[in-house]
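Chemist: The primary structure of each chain is shown beneath.
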Amino acid sequence: MTSSPGSCSSHTYPRHWRRPPQLITTRRWRLAIPLLALAYLILALGSLEVEGARLMEGLSRGARFVQGFLQPDFTSRWHDIRQGLIESLTMTLTATVVGVLVSIPIGVGAARNLSPRPVYMVCRSVVAISRSLQEIIIAIFLVAMFGFGPFAGFLTLAFASIGFVAKLLADDIEEASASQIEAIRATGASGLQLIHYAIQPQVMPRLIGLSLYRLDINFRESAVIGIVGAGGIGATLNTAIDRYEYDSAGAILLIVIAIVMFAEYGSSYLRKTLQ
Amino acid sequence: MSALDSRPGEPAHYSQVWCFRTPRARLALWGGWVALVALFVWCWQVMNANTLWVFVADAPDQAVDIGSRMFPPDPTYLPELLLPLWDTLNIATLGTLGGIILAIPVAFLAAGNTTPSTLLVRPVALFIIVSSRSINSLIWALLLVALIGPGLLAGIVAIALRSIGFVGKLLYEAIEETDGRQVEAVTATGAGRAQVIHYGIVPQVLPAFWGIAMFRWDINIRESTILGLVGAGGIGMKLQSSIDTLAWSQVATILIVILATVVVSEALSARVRRALI
Numbered sequence: 001m002t003s004s005p006g007s008c009s010s011h012t013y014p015r016h017w018r019r020p021p022q023l024i025t026t027r028r029w030r031l032a033i034p035l036l037a038l039a040y041l042i043l044a045l046g047s048l049e050v051e052g053a054r055l056m057e058g059l060s061r062g063a064r065f066v067q068g069f070l071q072p073d074f075t076s077r078w079h080d081i082r083q084g085l086i087e088s089l090t091m092t093l094t095a096t097v098v099g100v101l102v103s104i105p106i107g108v109g110a111a112r113n114l115s116p117r118p119v120y121m122v123c124r125s126v127v128a129i130s131r132s133l134q135e136i137i138i139a140i141f142l143v144a145m146f147g148f149g150p151f152a153g154f155l156t157l158a159f160a161s162i163g164f165v166a167k168l169l170a171d172d173i174e175e176a177s178a179s180q181i182e183a184i185r186a187t188g189a190s191g192l193q194l195i196h197y198a199i200q201p202q203v204m205p206r207l208i209g210l211s212l213y214r215l216d217i218n219f220r221e222s223a224v225i226g227i228v229g230a231g232g233i234g235a236t237l238n239t240a241i242d243r244y245e246y247d248s249a250g251a252i253l254l255i256v257i258a259i260v261m262f263a264e265y266g267s268s269y270l271r272k273t274l275q
Numbered sequence: 001m002s003a004l005d006s007r008p009g010e011p012a013h014y015s016q017v018w019c020f021r022t023p024r025a026r027l028a029l030w031g032g033w034v035a036l037v038a039l040f041v042w043c044w045q046v047m048n049a050n051t052l053w054v055f056v057a058d059a060p061d062q063a064v065d066i067g068s069r070m071f072p073p074d075p076t077y078l079p080e081l082l083l084p085l086w087d088t089l090n091i092a093t094l095g096t097l098g099g100i101i102l103a104i105p106v107a108f109l110a111a112g113n114t115t116p117s118t119l120l121v122r123p124v125a126l127f128i129i130v131s132s133r134s135i136n137s138l139i140w141a142l143l144l145v146a147l148i149g150p151g152l153l154a155g156i157v158a159i160a161l162r163s164i165g166f167v168g169k170l171l172y173e174a175i176e177e178t179d180g181r182q183v184e185a186v187t188a189t190g191a192g193r194a195q196v197i198h199y200g201i202v203p204q205v206l207p208a209f210w211g212i213a214m215f216r217w218d219i220n221i222r223e224s225t226i227l228g229l230v231g232a233g234g235i236g237m238k239l240q241s242s243i244d245t246l247a248w249s250q251v252a253t254i255l256i257v258i259l260a261t262v263v264v265s266e267a268l269s270a271r272v273r274r275a276l277i
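So the protein lines, in turn, are chains A and B. Heads up: the first sequence begins at 1 in the UniProt record's numbering, then just goes up one per residue. Heads up: the second sequence begins at 1 in the UniProt record's numbering, then just goes up one per residue.
Just chain B, with the same shape it has in the complex (with noise of 0.2 Å):
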C-alpha cells in the first residue's frame, strides 16, 4: 500500500470487493426474503389443506376433454348471440353514460380547488369514490339483481355505479392538475363561480375528461360480457346457459363473439384517444 492510500479522514483499509449494499441492509434484505417465503409456504398449506390432488392430477385429462368438445365452434349458433352482444354493448354504453354523469359533481366536490368544503364535503365524495372503486362490477351486479330482479337495467346500473370511483379518480386528479392562473384570470374579470368552472377549468380537464370516458368504456365493454354470468343480461347470460347445459362448443363460440368485441372496442378506444391527446 502506498502512502497515497491513507488521508486524513478518509479509511485505511478499502474492501477488495465492491459490494451493492452494506452488510445491514444485506441482513434485512435477506430476513425480509426469509419472511415471505415462510409466509407464503403457511398460506399454501393454509389454502391447500381441503384441496382434493385427485382432481389437480386429473386436470390434463379435463383440459383435453374440454378442449376437444370445444372444437370446432359452433357457427349456427352465432345468429342467436347477436341480440345479446347488442345487450352487452347497450350496458357498456349506457352504464359508461350513467357513471359519467353521476362522476363529474362527484369529482368536482373531491377536487381540492373546486370542492366547496375540504373539511366536510371532499371526505364524502372520496369515500364515494373509493367505496364504488372496491367493489367489484360483478357484485353489483349480484346486488343489483337481488335487487331489482334480472335483467339489462341490473347490468347497467352495475357499471355506472362502478364507474363512479374511476371516472370519479382520474377526473378530480385531472381538475387539481389544472393551471391555476387561467382560474385566476377568469376570476379577474369577475366571474362567478359556474362561471369559474366553465371557462377556467371546463376547458383545461376536457380532453383528459373524453379520454378518461373512452378508456372508462373500453373497460366496461369487458366488464359487461361477464356480468350476465349473475342473471344481468348480455352475453354472459348465454355463457352461463351454454356452460350450464355443457355445451361446449356453443362456450367456445361465445368466447371467440367476446374476444372480437374486447379487441374492436380496444381498438375503437386507443384510436379515439389518440385524437384527443
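Bound-form chain A, shown alone (with noise of 0.2 Å):
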C-alpha cells in the first residue's frame, strides 16, 4: 500500500489510485470470507459425484434432445398434448379465480390497520402456511386424498394462490392511504361500506394485476404439478421424457414456452391498460 496516514502530511501522494473495498469493510472479515468460501467450495465439490462415462452418454442423448427441440413433433402425440394442454389451461384459470376469491376475505382480515388483532393473526397464519409449502408438496397429499387428475391440481393451485395474492393484498391494503379511510369513516359507514368507497378504488388495480400475474404463476406451475400426478401437461411431459420421446417432449416444452410468453406480454399489456 502506498498511502498510510503518516504519508498524507509529507505530501508524497500515492501514484496509483485504488478503489476502496466496498460492501465488507472490516480487513478481518475480507479475508476471512473468502477463505470460508474456498474451504466450503472444496467440501461441496468433494461430496459430487461425477462419473465420465455416464456424463459421455448424457451428451450424446443431449444432442439427441436439442435435435428434438428443434424438429419437435407435434403430432404422433397430439392427443395426449392437447387432453395435458385443456387440463392446465382449465385448471389454471379455475385455481385463480377460486384462489383470488378466497383471499379477498383473508388479505382483508390480514391488513393490520382494518382487523383486531386475532383476526389478523389468524390470516396472517393461513397466509405463512400457504407460502412455505411448495407446490409440490400440497400437490403430493391432494393427489393422496383427492386421487389422480386435475381435480388435485386445481385445489393446489388455489391454495398455492391463496398464500400469494392474500400477503400482497394485505400489504397494500396497509398501504392505502389513511385519510380516505378516516373521510369514509366520519361519514358513519360501516365495515362494508369503508372497504367498498375507500379501500377497494385504492387496491383494485393492484388486486387485477395481482390475479393476472398469478394467473400466469399458476399454469407455471400447472406444468409442474403433473408430475406428480395432479394432472395438466407436466404429466404429459413426464410421459415423453420417461419414454426418450425427445421429439414430443421438445415439442410440449415449446408450447409451454409460447403460452408463457403469450401470458407475460398479455398480462403486462392488460396491467398497463387498466391501471
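A hint or two may mislead.
[What the hints assert, rightly or not] Derived contacts from chain A toward chain B, CB cut-off under 7 Å, selection only:
| # | residue |
| --- | --- |
| 1 | A44 |
| 2 | T94 |
| 3 | V97 |
| 4 | V102 |
| 5 | G147 |
| 6 | G149 |
| 7 | P150 |
Hints in this document: simulated from the structure, not taken from any laboratory. Where a beta carbon is used, it is the ideal one built from N, C-alpha and C, also for glycine.
Each chain sits in its own coordinate frame; assemble them with the hints.
Modeler: Below is the structure:
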C-alpha cells in the first residue's frame, strides 16, 4: 500500500489510485469470507460424484434432445398433448378465480389497519402456511387424498394462490391512504361500506394486476404438478421424457414457453391498460 | 330549484344520487364479470369431466387417515436425513453460483446501456432470460436427469439453468437503472469499455447484485428440496422413497426438516440483504 495515514502529511501522494473496498469494510472479514467460501467449495465439490462415462452418454442424449427441440413432433402424441393442455389451462383459470375469491377476505383480515388483532393473527398464519409449503408438496398430499387428476391440481393451485394474493393484497391495504379511510369513516360508514368506498378503489388496480400475475404463475406451476400426478401438461411431459421421446417433449416445452410468453406479454399489456 | 343551478355551460339537471362510474362503464364492467363467470363455469365443467367425485367425497377420511399415520413424526429417521440435507444445500449453493456466473454476462448483454448491439445481441440475451424463467426448475431437473443421469449434478445444473433468468432479469434492470453521469465521468478519463464497466457500473450495481444473489439462493433452497422427486438428489429423494413406501411418519419428519431449512435460509437471506441495502 502506498498510502498510510502518516505519509499524507509529507506530501507524497500515492501514484496509483486504488478502489476502496466495497461492502465488507473490515479487513478481517475481507480475508475470512473468501477463505470460508473456498473451504466450503472444496467440501461441496468433494461430495459431488461425477462419472465421466455417464456424462459422455448424456452428451449424445443431449444432442438428441436438442435435435428433438429443433424438430418438434406435435402430431404423434397430439391427443395426449391436447388433453394435458386443456387440463392445465382450465385448472389454471378455475384455480386462480377461486384462489383470488378466497384471498380477498383473508387479505382484508390480514391487514393490520382494518381488522382486530385475533383476526389478523389467524389470517396471517393462513398466509404463512400457504406460502411456506411448496406447490409440489401440497400436490403430493392432495393427490393422495383426492386421487389422480386435475381436481387435485386445481386445489393445489388455489391453495398456493391464497398465500400469494392475500399477502400482497394485505400489504397493499396496509399501505392505503389513511386519510381516505378516515373520510369515509367520518360519514358513519359501516365496515363493509368502508371497504367498498375507501379501500376497494385504492387497491382494485393492484388486485387485478396481482390476479393476472398469479394466473401466469399458476400456468407455470400447472406444467409441473402433473409430475406428481395432479393432472395437466406436466404429466404428458413426464411421460414423454420417460419414454425418451425427446421430439414430443420438445414440442410440449415449446408450447409451454409460447403460452408463458403470451401470458406474460398479455398480462403486462392488460395491467398497463387497466391502471 | 334556484336560479343558481342553471348557469350557462352546465347541465340543468344533476342526478340525485352520486354514482361511482358512468352507465356505459358500469355496463362494460358487468359484461366483463359475466363473461368471466361464464368462462369459469365452462372451464370447471371441462376440467372436472373426468373427476371421480367418489374420491373427492372420500377425501376427508383420507386426510384424517394420512394425518393419523403422520403423527407422531419419526425422530429416529433424523440421522439418515443429514447427508441428503447437506446434498440439498450443496445443490442450492453450487447451483446458485453456477447460475450467477452464467447470468452476469447475459445481464450485461441484455441491459440497454451496456449491450454491444441492441439489434442483434440484446434480443438473444432477453430470449435466454425469458426461456430460463418460463421453465420450472423441476422440468429442468426432469430433463437433466434424463440427460446426465440421476444425482446431484443434474440438480445443480437444473438450479443453475433456472437461476439465469431470475438473476439475469433483475441484474439487467439494475444495470439499466445506474446513474449515467458516473459512467460519463469514467468515460471522460479515457477509460476503455471494460474499465467503464469496472469503475462506472459495477460499483453501482454491486449491492443490488449481492441482494439478488442471496434472494435467489433462498429460493433455490426451497426448490432444491423437491428436485429429488424426479431423481436429482437431495432430501427430495428421501421424500419420494418414504411416500412410495407409505412411511408417513418419515414423511412428516422430512417435511419438518424441509420447513426448518426453508425458514432458516429465509431468515439468513433476509438478514444479509438488510445488511447490504
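Chemist: Now tell me if each hint is right for this structure.
Modeler: Against the structure, the hints:
Given the 7 Å rule on beta carbons, the hint for A:A44 holds: about 4 Å separates it from the nearest Cβ of chain B. Because the smallest distance between the Cβ of A:T94 and any Cβ of chain B comes to about 5 Å, under 7 Å, the interface hint for this residue holds. Here the hint on A:V97 is kept, as its CB sits about 5 Å from the closest CB of chain B, short of 7 Å. Taking 7 Å as the C-beta cut-off, the interface hint given for A:V102 is violated, the closest approach to chain B being about 14 Å.
Contact between A:G147 and chain B, as hinted, is supported at the beta carbon level, the nearest pair being about 4 Å apart and thus within 7 Å. The interface hint given for A:G149 holds, since its Cβ lies 6 Å from the closest Cβ of chain B, which is under the 7 Å cut-off. The restraint placing A:P150 at the interface with chain B holds, with a minimum CB-CB distance near 5 Å, inside the 7 Å limit.
Violated hints amount to a single one, hint 4; each of the other numbered hints is respected by the structure.
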